[in-house]
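Asks: Once you've looked at the hints, dock chain B against the given chain A.
Protein chains: 2
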Amino acid sequence: MSSYSDQQSSISENNRSRVLQYLYHNGICSRAQIAKAIGLTPAAITKITAKLLAQDVIEETGDMEGDKNRRSIGLNLNCAKYHIVGVKFARSLVQIAVFDLKCNRIFMTDLPTVNEEHIPETVECIRNTVRRLIKDDSSIVAVGMAVPGPYLKDEGRTALVSSMQGWRQINFIKEFSDAFDVPVFVEQDARAGALAQFLFNPELSKGSLAYYLLGEGIGLGIIDNGAIYYGERGTATEIGHVSIDVNGKPCDCGNVGCLERYCSANAIHERLNANPGIVPGCESMTHAQACSALFAKAGTGDETAMTLVRDIARYIGYGAVTIINAFNPTCIVLGDIVAQAGQPLLDEVERVVLDRTIPEIGRNTRITLSTLPTDATVTGAAAVAITNFLEHPSMFFDVA
Amino acid sequence: MSSYSDQQSSISENNRSRVLQYLYHNGICSRAQIAKAIGLTPAAITKITAKLLAQDVIEETGDMEGDKNRRSIGLNLNCAKYHIVGVKFARSLVQIAVFDLKCNRIFMTDLPTVNEEHIPETVECIRNTVRRLIKDDSSIVAVGMAVPGPYLKDEGRTALVSSMQGWRQINFIKEFSDAFDVPVFVEQDARAGALAQFLFNPELSKGSLAYYLLGEGIGLGIIDNGAIYYGERGTATEIGHVSIDVNGKPCDCGNVGCLERYCSANAIHERLNANPGIVPGCESMTHAQACSALFAKAGTGDETAMTLVRDIARYIGYGAVTIINAFNPTCIVLGDIVAQAGQPLLDEVERVVLDRTIPEIGRNTRITLSTLPTDATVTGAAAVAITNFLEHPSMFFDVA
Chain A
1 MSSYSDQQSS
11 ISENNRSRVL
21 QYLYHNGICS
31 RAQIAKAIGL
41 TPAAITKITA
51 KLLAQDVIEE
61 TGDMEGDKNR
71 RSIGLNLNCA
81 KYHIVGVKFA
91 RSLVQIAVFD
101 LKCNRIFMTD
111 LPTVNEEHIP
121 ETVECIRNTV
131 RRLIKDDSSI
141 VAVGMAVPGP
151 YLKDEGRTAL
161 VSSMQGWRQI
171 NFIKEFSDAF
181 DVPVFVEQDA
191 RAGALAQFLF
201 NPELSKGSLA
211 YYLLGEGIGL
221 GIIDNGAIYY
231 GERGTATEIG
241 HVSIDVNGKP
251 CDCGNVGCLE
261 RYCSANAIHE
271 RLNANPGIVP
281 GCESMTHAQA
291 CSALFAKAGT
301 GDETAMTLVR
311 DIARYIGYGA
321 VTIINAFNPT
331 CIVLGDIVAQ
341 AGQPLLDEVE
351 RVVLDRTIPE
361 IGRNTRITLS
371 TLPTDATVTG
381 AAAVAITNFL
391 EHPSMFFDVA
Chain B
1 MSSYSDQQSS
11 ISENNRSRVL
21 QYLYHNGICS
31 RAQIAKAIGL
41 TPAAITKITA
51 KLLAQDVIEE
61 TGDMEGDKNR
71 RSIGLNLNCA
81 KYHIVGVKFA
91 RSLVQIAVFD
101 LKCNRIFMTD
111 LPTVNEEHIP
121 ETVECIRNTV
131 RRLIKDDSSI
141 VAVGMAVPGP
151 YLKDEGRTAL
161 VSSMQGWRQI
171 NFIKEFSDAF
181 DVPVFVEQDA
191 RAGALAQFLF
201 NPELSKGSLA
211 YYLLGEGIGL
221 GIIDNGAIYY
231 GERGTATEIG
241 HVSIDVNGKP
251 CDCGNVGCLE
261 RYCSANAIHE
271 RLNANPGIVP
281 GCESMTHAQA
291 CSALFAKAGT
301 GDETAMTLVR
311 DIARYIGYGA
321 VTIINAFNPT
331 CIVLGDIVAQ
341 AGQPLLDEVE
351 RVVLDRTIPE
361 IGRNTRITLS
371 TLPTDATVTG
381 AAAVAITNFL
391 EHPSMFFDVA
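Those protein sequences? They're chains A and B, same order as listed. According to full-length UniProt numbering, the stretch in the first sequence is residues 1 to 400, in order. According to full-length UniProt numbering, the stretch in the second sequence is residues 1 to 400, in order.
The set of hints was computed from the structure by calculation and includes no laboratory data. There may be inaccurate statements among the hints.
If several chains are the same, the list does not tell them apart, and a pair holds so long as it fits within one copy or across any two.
[To be verified] With a cut-off of at most 25 Å between alpha-carbon atoms, the simulated SDA-like pairs for lysine to any residue come out as follows:
1. K174 with R131
2. K153 with I228
3. K153 with S10
4. K153 with S205
5. K81 with Q33
6. K206 with I228
7. K249 with R366
8. K36 with N14
9. K36 with S9
10. K249 with R105
11. K153 with A179
12. K36 with P202
13. K206 with N273
14. K206 with R157
15. K174 with E121
Bound-form chain A, shown alone:
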């Protein structure tokens, strides 16, 4: 292809993507509304939408009220027609779900708890499960995967997974990119979660959005003015390995006093195991189960459980203070296993933030629990693929 026609096709793809994104975010619109909003001529919009209609990507919805009472035909993106598989890799936890383009969940399954020794078997099991889903549902057009950070995005590897180093051996791009008949997209877990908030929670999509993942690891994803913050190799925003105490607990990463040593689901489980009275039988539970049991007990008013929850929340608050000083986000969304502690957690995090930040900065940072119906990282895995669907339509259907 000549450089000129290269450029032309990239402009066409960009315009097509802008039409899809506009319809995605605004629902039913007329051609005239789209033309006005994205600054293309009506003729260009007619040409682009004709191709999208021919491919059944969009549909006409009949007459709608237009400008100056002129009637015009509504167009709608067929969001229910396309399904997306989202795969969340935590450390011991793998979840697989199917969504439509609007984040409505159609299916979800948890794989058996992963042991350090059986990671290759888990990879094989994921491949088989996803293949079966694709075979049974021809609407599936893409797979998104959310993997623990620090994720080296160009290499396809996680540089370190505290407490389960076996995941380091897995090259996600190599293991999965050609495993299915549909494209696969991989993203660091907290960034995927941030993308889910960005896509499905429009009031959070302005300014600088931070998704604070409180799960088997502690992670952070930042979307600043619409752009994900990666750094040089994709290992920026690794808040879980930012030290809160240079003389504190040692971590697998080489650092000392890493935030995730104090408030991840694993760290909580460790503390429960050391104090077996709080959640009886916790040593045979998964990290998520142990945390759930603790939060349930705190919910009944048990003082010991409540004190532990508040103590953990204080550490999460210290992390939030660091996030504010390092990234000055508009909003911090708390999600994943530990966020299920709910309002008492949020209250304590807010207290620490007001106590330890400059008032006019801390007070102006909104802190909230994730309100997505499904876990933000599973949803985020799908959001990664949906973002690619909207940005690179020619990967998904014939546009010629």
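Replies: Relative to the frame of chain A, chain B by itself:
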């Protein structure tokens, strides 16, 4: 102006800016080279350069060797013709310098040490000094100012200045924006320093650049893929107030264990005052003088001085580890007062980074001392104005 002609003039300004930036970064070029490099037609370049020639912003340099041995005329940006004033506000320290567009320093002066009680007088003194400079040098076209963070960029105020709260009362935009006959630009100090590295040290301008300001405060400026990282209100990258010990020394900002309580010039001076044997007479010195004296003594091989320098460097190293985990920069440049400790400081910072980061991430982060001939923040104050000169030429000369 109609929206169409608005758009046209913004496109013209953008093209003009691209021509200036190309000439700025590449030196003498032919019209054909510029056209090819920035993707405009030769006719458009002829039109733009004709106006710039008429205004004497650029000049013809005579014949040069063109493509395929065709001879063509070289064009050159008149970098020596335009002078810029850079003003650095530290806490007790104000420096004013004049540079040409290529960062050659023409003049520099230190104002008398600032006391908390005399900040309004200092503001007046800066205004008078800069006015005199502009009166005496008609080449001066802009003033850039670098001020301590956390700087609320839309409000023009610093939200907090540890140890000298009086600066909080100063609204830099209000005090200075109309004070001179030339435009004034204000930026947070470490961001200005990052901009100086970006502009005057081309090998650092790729990827993600971090300027780590080790002065009366500890600051950080990040330029990620050409874009400064601000966050919601401009108070991102406040590394000086990131805690390295949640049970550590309290700070004016409300936080506990803030990095700058351990390794700023002020913190070093405090330690010297508490151990008067190391630098005799230090209690009557400025922070910068006390630090210089300590580094000089360490340079003579004095073991006590060397131990203190190494101890401070270890804290700066902890900060570098946090910068790597939070921002994953390609390169960290150390600058300002404390960086004058030189190689022993750099060695210790590198040792801490290798010890406390994931090897493949830490090893791949370049750490270096600023090599700019003048302090990076003073230079950076000018760089802020130079960036605006190149991006918004119509503010500086007649383009009609």
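Asks: Would you mind marking each hint as holding or not holding in the structure?
Replies: Results for each hint:
Taking the shortest alpha-carbon separations for K174 and R131, only the intra-copy value of 16 Å comes in at or below 25 Å, while the best inter-copy value is 63 Å. Proximity of K153 to I228 under the C-alpha cut-off of 25 Å is found in both arrangements, the shortest distances being 13 Å within a copy and 22 Å between copies. Within a single copy, K153 and S10 get their C-alpha atoms as close as 24 Å, which meets the 25 Å cut-off; across copies the closest is 36 Å, which misses it. In this assembly of identical chains, the alpha carbons of K153 and S205 lie at most 25 Å apart whether taken from the same copy (24 Å) or from different copies (21 Å).
For the homomeric pair K81 and Q33, the shortest alpha-carbon distance inside one copy (24 Å) is at most 25 Å, but the shortest distance between copies (50 Å) is not. In this assembly of identical chains, K206 and I228 lie within 25 Å of each other by CA distance both inside one copy and across copies; the values are 13 Å within and 18 Å between. Taking the shortest Cα distances, K249 and R366 never come within 25 Å of each other, neither inside one copy (30 Å) nor across copies (27 Å). For a Cα distance limit of 25 Å, the shortest separation of K36 from N14 qualifies both inside one copy, at 16 Å, and across copies, at 23 Å.
In this homomeric assembly, K36 and S9 come within 25 Å of each other (Cα to Cα) both inside a single copy, at 22 Å, and across copies, at 21 Å. For the identical chains of this complex, K249 and R105 are neighbours neither inside a copy (40 Å) nor across copies (48 Å), given an alpha-carbon limit of 25 Å. Proximity of K153 and A179 under a CA criterion of 25 Å is satisfied intra-copy only: 19 Å inside one chain copy versus 49 Å between copies. For the identical chains of this complex, K36 and P202 are intra-copy neighbours only, at 21 Å inside a copy versus 41 Å across copies, given an alpha-carbon limit of 25 Å.
In this assembly of identical chains, K206 and N273 lie within 25 Å of each other by CA distance neither inside one copy nor across copies; the values are 42 Å within and 48 Å between. Taking identical chains as interchangeable, the C-alpha atoms of K206 and R157 lie at most 25 Å apart only when they sit on different chains, with a minimum of 23 Å there against 31 Å within one chain. Taking the closest pair of Cα atoms, K174 and E121 come within 25 Å of each other only inside a single copy of the chain (16 Å); across copies the shortest separation is 65 Å, beyond that limit.
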